[in-house]
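Residues in the sequence shown are numbered from 1 upward in steps of one, following this note's numbering.
Honestly, I wouldn't trust all of these hints.
What the hints assert, rightly or not - Below, computed lysine-lysine pairings styled on DSSO-like, alpha-carbon distance capped at 27 Å:
(1) Lys13 / Lys41
(2) Lys9 / Lys41
(3) Lys41 / Lys16
Rather than coming from a laboratory, the hints here were simulated on the basis of the structure.
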Amino acid sequence: MGERNGGDKMSDKARKLFEALDLDHSGTLTRDEVIIALRTKGPTLAASGDLPFWALGDADASSALFDAADQNGDAVLTLEEFAALVDRRFGWH
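Given these sequences and hints, build the entire structure.
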């Protein structure tokens, strides 16, 4: 498990989901990556248990998830920002 700021642990599920959504393997997520990846990979990720089925949504829902996770407003998500949100929202941590 990885570490977040403050020493909190992030879930392995959050890391795995982040890596699946990081289409260009840059180590960060853009809004477009999140929207495209959830649209194209979301059903498979949900079927494998890597994403709650209720988390599948349209582009607006994906964009809202991105906005909620982008803590510093720089229009990219780090693993730490992403994990902080999905672990809390999906009950993984």
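Hints, verified against the model:
1. Between the alpha carbons of Lys13 and Lys41 the distance comes to roughly 15 Å, so the proposed pair stays at or under 27 Å and holds.
2. A threshold of 27 Å between alpha carbons decides the hint, and for Lys9 with Lys41 the separation of about 26 Å falls inside it, so the pair holds.
3. Taking the CA atoms of Lys41 and Lys16, the gap is about 13 Å. The hint holds against a cut of 27 Å.
Of the numbered hints listed earlier, not one is contradicted by the structure.
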